[in-house]
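Here is what each chain is made of, one letter per residue.
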Amino acid sequence: MAQEILKSLKAALWFMFLTFPIMVIKVNTVYKTIEWRWMNMIFIGVGIFVGSFIWRWLLNRKDRPVAKKDFVPVSTRVQAYLAENPMAKRALQGVLLAALLCFPIFMDAYQINIFTVALMYIVLGLGLNIVVGLAGLLDLGYVAFYAVGAYTYALLNTTFGLSFWLVLPIGGALAAIFGILLGFPVLRLRGDYLAIVTLGFGEIIRLVLENWNDFSHGPSGIAGIDKPDFFGLELNLNQMTDAIYYMMVAFTIITIFFVGRLQNSRIGRAWLALREDEIACQAMGVGRTRTKLMAFALGATWAGLMGVVFAAKTTFINPASFTFLESAIILSIVVLGGMGSIPGVILGALIMILLPEYMRSFSEYRMIVFGGAMVLMMVFRPQGLVSNFRRKYSFHGVDERLGG
Amino acid sequence: MENILEVKGLTMDFGGLRAVDSVDLYVKPKEIVALIGPNGAGKTTFFNCVTGIYTPTKGDILVSSNNGSAVRINGFKPNRVTERGLGRTFQNIRLFPNMTVLENVMIGKHCRLSAKIFGALFRDKKTRAEELKAAQECYTILEKLGLEKACDELASNLPYGDQRKLEIARALATEPKMLLLDEPAAGMNPQETVELTHLIRRIRDTEQIAILLIEHDMKLVMNLSERIYVMDHGQKIADGTPMEIRNNPEVIKAYLGEDIDA
Amino acid sequence: MDYFLELFLGGLTRGSIYALIALGYTMVYGIVQLINFAHGEIYMIGAFTALIIASVLTILGLNSIAILVIATAAAIVYSSAYGYTVEKIAYKPLRNAPRLSPLISAIGMSIFLQNYVLLAQTSDFLPFPRLIPEFAFMEPVSHIFSSAELVIVSTTMIVMVLLTLFIKFTNIGKAMRATAQDKTMALLIGIDVDRVISVTFIIGSSLAALGGVLIANHIGQINFYIGFIAGIKAFTAAVLGGIGSIPGAVLGALILGWTESFATGYVSSDYEDVFAFALLVLILIFRPAGLLGKAETKKV
Amino acid sequence: MKKLLLFAVLAAMFVFAGCSQKPKEEAKPAEAPAAEAAAPAATGDVIKIGVAGAHSGDLASYGLPSVKAAEFVVKSINDKGGLLGKKVELVVVDDVCKPEVAVSSANKLVSEHVVAVLGHICSGATKAAMGTYLAAKIPVMSPSATSPELTKSGEYPNFFRTIAPDDSQARLEIDYITNVLKLKKIAIIHDKGDYGKGLAEFAKGFAEADKKLEIVLYEGITPGAVDYSAIVQKIKQSGAEAVLYGGYHPEAAKIVTLLAKKKMNVKFVSDDGVKDDTFIKVAGQYAEGVYATGPKDVSKNPLAIEATKKHKDAYGEDPGAFYLNAYTAMLAITNAIEKAGSTDYDKLTNALRTEDVETPIGKIKFDEKGDAIGAEFSVYQVKNGVYVEVQ
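Here the protein sequences come in this chain order: A, B, C and D. If you count the first sequence from 1, position 181 lands on 181 in my numbering, and the numbers rise without skipping. If you count the second sequence from 1, position 249 lands on 249 in my numbering, and the numbers rise without skipping. If you count the third sequence from 1, position 123 lands on 123 in my numbering, and the numbers rise without skipping. If you count the fourth sequence from 1, position 55 lands on 55 in my numbering, and the numbers rise without skipping.
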């Protein structure tokens, strides 16, 4: 115990030293005055002293070798249970769906809007999950495809007056084409090189949008984009918010459905295998280029579709919405939730989007908490919240399962 | 072409180093052929050239196609080589550890299936039938190798010997005309090695395919193979029946210090 | 010709600053295969520490050479301490985690540190005192190449040489190379891998701090956000040169600096960054390991 | 699974149909906006005013001062017993200057039943959020969104601002260079941002229309880059007699410093983003002689002195960007509520357009489009380390 206290004491002292210039001294270079904020140092000292106990306790808990083999994470157990009990699964799906559908009845426009955004990020996360989680290609420029979709709708709508539903597939297709264009040159690169090239690609797209005024209206963006049209109905703002929400619910369900199917298809297996061992995968007859391009194109498609929705929802877009931070947030959703796991990505998106949103009351402390939480999450649960759960085949009932 | 695989003057250079030096080799249908030699002789490099992981510097690799004509596969990507009917395993096991055993085998089936994205998304009748057939065929392969009980396990949870077997199962799923096994018995105990010998022979008999294997376990090699090639320092130094190889002075010299009768 | 020369020297200065930051990236990557996204923030913290210490000392009335030395030393000490602590908190517990986890942790750390400085200090740009004196002998050419620029370029070159020697000849340098090649093997032959990694972070952070002080002095102002762009550019430079290679990082940084400078001078600064990234993409396509990186032989 | 999908779609349709009934019932009060927007606030004990802008991230320094300004104004009002007999309460939301976040923020403010909004800070975010406010009949007053479209397009009838739009600034700059400085060749440089590039585009348009100035260089620079020597060389090469810079002070300070170090004799004319004391502190001696346009001099306005003093007393430093504009906006809003005697949208906007109010930037009211009458620009020059009004 004494040793523990000593450790914490050391940590506290170290951090008091570390934060000294930045936390304690505040210089006003204009009036040449120095403000000494010694209270901050005391807060840091006490905070770290207490915090380091918790830190070590959590680390120990994580590393404890308690029969690691037999230990099945809760998330896996839940998933296994649901896989074995289709009735329970249906029931859960039904409850969730009912909750989603009834949500707007009890909530105000603000809540609905936040939830719509969260749903959009779920779809974006699932799209990126194809690229990163399934195919194992680290893409740091995913937001570029989102931008492609958004600008496709914004430009086609404001110049040619094309409707949302018409542009939706165009946006998706165009993003897919961009995905392939990016994919071709970078496929030979391995992990981290791919990451930096995709990051560069994302930045290039944003810079072009910023600089090419004649095409994209530059940094001042495009205003007055039409909201989506629903069967020609005249909707007021509240109704429109609800309508977009329901559209996103449908979108999300369709995406979950499709991604789930992709994951357990011939192509999905090939992606997983490619992620696990590229050479062995090729030697087993899986075409690397084709498979990777397919992942890029499909991932991009979802980003493109969401881009169109985004432009229609906000009615105004500018390049500021498509920065690297955005890519980083979507990537965090995938990693935080658990790579390759659909429930994981959903959970990740809800946490990453709703938490900062409801932390608005912290206002300026929002981002620091966000950054810190990302670090802590990774330290204590690096594999993400939900572990990937592989589908099982049972050979007496194989027909029913595969057909389902 | 009468032979299933014919390699002529295969040479592979890495920078200034010549790892394989004009090696000739052929394999006839349904034949079990071994490729032996001391460590660093260039055996695995030879395998990698044949299976498309490296593009050889010189020489020809010919594979007989379905209509009997020879196809030169130099510089083909590994997956194209596999499509041509050469399935392989790896010296250091390269399974897909986080996929189930069955899924591992189904990857082998990949190039024999045709489902596309739309098939995957909408899962039409054809796709479903194809998936079902593939799953069942893979299950059958697992049964043949005695791995069917583990079919839902993650590959990484299998014991070592079973992982080796799984690699063979996966290669079989590619529906090969010839199987290339890179040290299949490495790390196995004598009992397992004996089982493996039977297994390989059984595969040849039931599947009617040729087998080319690299192995250090001389007992297995001598028991199993019909012909043997010996490599040293990148060159082929001998070939012939097990009996001929056993008595070849060059081979004995190359293996000096190693007990080839073990 | 003058125009060309001026652009060349401008690119050289810019490249030298990228190089100081890129060295940290490349060393860390070489040893733990991690894109340390928080490295740009370490550089920013170095600049901030120097600014704070320098301002305090100015108010206390020390002479400018003493201030320069003390502020730089403080920046190096504190940046190293931050680098060391960041590694211990955000990366060390993740050493055996899936490959992407440390990356996310790094991005989180980067956001955290930015906002930490924003909250503890200010969001405004702060004027950075001019600490590097104008040398008399530079006067005739100062309109194309200033004293500060000379200091930046020569510091980078000296640092590169020293670092190369350090890694080649000292024991810890050798241990670093061994760890970079094979961590498990290094551990088996008795190298304290944790210590090697710590030292790598400390050295990388000190270089970033040096870069922070020099650049802050050159451009005269800093805020909490300067680390982000500099960090991305430096990382691009490191990849360009072949990540893991020290001369590669410097070469990549210089090429990046020149590309940007000449692109601005002869084409348009509108697309300066586009040129930089396009260059990166092209080089990686034709030389996937970067300019001086060793091509990986696939082991099968 | 197929059944599930079908069920989902059907259920969505059904509930959607059901829900579209719900807002229809609400549509009645929506037609009578007073009842919907103002009723909850009017019946409560407080009047809520929203403050929206970037309060974190790289643009926080432009948003945070407006929060402080709003707090000071509200404090003094509440100390005097409040507005219409009620306490005033602020609802502060952070939009990080991103359009999509601005929409969420706007929704948040609407759901909190604010009667007016001070914000947003960036033009882009403002444009994105305006639709939501318009539907809820909430007047919005920005201290800093200068995009001319916001007022001139007529699409945002509920928008007001206490800062002059970009085009008037650009006009002034071009006129000054042509008529007062009497120069012929200019280089227009901008920071690729919404504000800087917008301004540069206007300046370019005016110069081309006037045909009196030759634009020898028109380029954007990257904010935050470590070095600008290449662009400075290019300015030198172009033979420009003056640089017209659209953007903010950090980059301007770097460029001015480099221009001086390269011993180049060109005039530097810039905008309100540069007319900031930090610019002079950062650029030091090199700032001498720089021209910048900015709101007309208010340093002798007693309200401005009072507002600045409050900030210095509370925070020990000078207020940041757009502080006085935000202070002005807050006074204008509260004054209009007072004069209108209600928080009703029509009465409020009417009061804003008709009632003069004394503010730190002078006596103002708003024109039909929402621009402040009385908020005009002048040209300043740095002399002996301070901005002095010239002209």
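These aren't lab readings, by the way, just hints derived from the structure by calculation. Positions of the beta carbon are idealized from the N, C-alpha and C atoms, including for glycine. Be a bit skeptical, because a hint or two may be false.
[Unchecked claim] Just the calculated beta-carbon pair ranges, DEER-fashion:
1) B:S22 - C:V267: 51 to 59 angstroms
2) C:T184 - B:K58: 50 to 58 angstroms
3) A:T33 - C:V267: 53 to 61 angstroms
4) C:K168 - B:H233: 27 to 35 angstroms
5) C:T184 - A:F380: 34 to 42 angstroms
6) D:E338 - A:V46: 42 to 50 angstroms
7) B:K28 - A:G260: 22 to 30 angstroms
8) D:D313 - C:R177: 56 to 64 angstroms
9) C:I158 - B:H233: 44 to 52 angstroms
10) C:K168 - B:K28: 20 to 28 angstroms
[Claimed, not checked] In silico DSSO-like links for lysine-lysine, alpha-carbon gap of 30 angstroms or less:
11) C:K168 - A:K7
12) A:K26 - D:K75
13) A:K32 - D:K184
14) D:K369 - A:K32
15) A:K26 - D:K137
16) A:K26 - D:K68
17) B:K219 - A:K89
18) D:K137 - A:K227
19) A:K32 - D:K152
20) D:K75 - D:K261
21) A:K89 - B:K133
22) A:K32 - D:K300
23) B:K149 - A:K89
24) A:K7 - C:K183
25) D:K312 - A:K32
26) A:K26 - D:K369
27) D:K383 - D:K184
28) A:K62 - C:K183
29) D:K152 - A:K227
30) A:K227 - D:K369
31) A:K89 - B:K126
32) D:K137 - A:K32
33) C:K168 - A:K62
34) A:K10 - C:K92
35) C:K88 - A:K26
To see whether the hints hold, each was checked on the structure:
no.	hint	verdict
1	B:S22 - C:V267: 51 to 59 angstroms	holds, 52 angstroms
2	C:T184 - B:K58: 50 to 58 angstroms	violated, 37 angstroms
3	A:T33 - C:V267: 53 to 61 angstroms	violated, 47 angstroms
4	C:K168 - B:H233: 27 to 35 angstroms	holds, 34 angstroms
5	C:T184 - A:F380: 34 to 42 angstroms	violated, 25 angstroms
6	D:E338 - A:V46: 42 to 50 angstroms	holds, 47 angstroms
7	B:K28 - A:G260: 22 to 30 angstroms	violated, 47 angstroms
8	D:D313 - C:R177: 56 to 64 angstroms	holds, 59 angstroms
9	C:I158 - B:H233: 44 to 52 angstroms	holds, 48 angstroms
10	C:K168 - B:K28: 20 to 28 angstroms	violated, 56 angstroms
11	C:K168 - A:K7	violated, 36 angstroms
12	A:K26 - D:K75	holds, 27 angstroms
13	A:K32 - D:K184	violated, 42 angstroms
14	D:K369 - A:K32	violated, 44 angstroms
15	A:K26 - D:K137	violated, 44 angstroms
16	A:K26 - D:K68	holds, 19 angstroms
17	B:K219 - A:K89	violated, 55 angstroms
18	D:K137 - A:K227	holds, 19 angstroms
19	A:K32 - D:K152	violated, 45 angstroms
20	D:K75 - D:K261	violated, 47 angstroms
21	A:K89 - B:K133	holds, 27 angstroms
22	A:K32 - D:K300	holds, 25 angstroms
23	B:K149 - A:K89	holds, 26 angstroms
24	A:K7 - C:K183	holds, 28 angstroms
25	D:K312 - A:K32	holds, 15 angstroms
26	A:K26 - D:K369	violated, 44 angstroms
27	D:K383 - D:K184	holds, 24 angstroms
28	A:K62 - C:K183	holds, 23 angstroms
29	D:K152 - A:K227	holds, 22 angstroms
30	A:K227 - D:K369	holds, 25 angstroms
31	A:K89 - B:K126	holds, 27 angstroms
32	D:K137 - A:K32	violated, 48 angstroms
33	C:K168 - A:K62	violated, 39 angstroms
34	A:K10 - C:K92	holds, 19 angstroms
35	C:K88 - A:K26	holds, 27 angstroms
Violated hints, in rising order: 2, 3, 5, 7, 10, 11, 13, 14, 15, 17, 19, 20, 26, 32, 33; the structure is consistent with all others.
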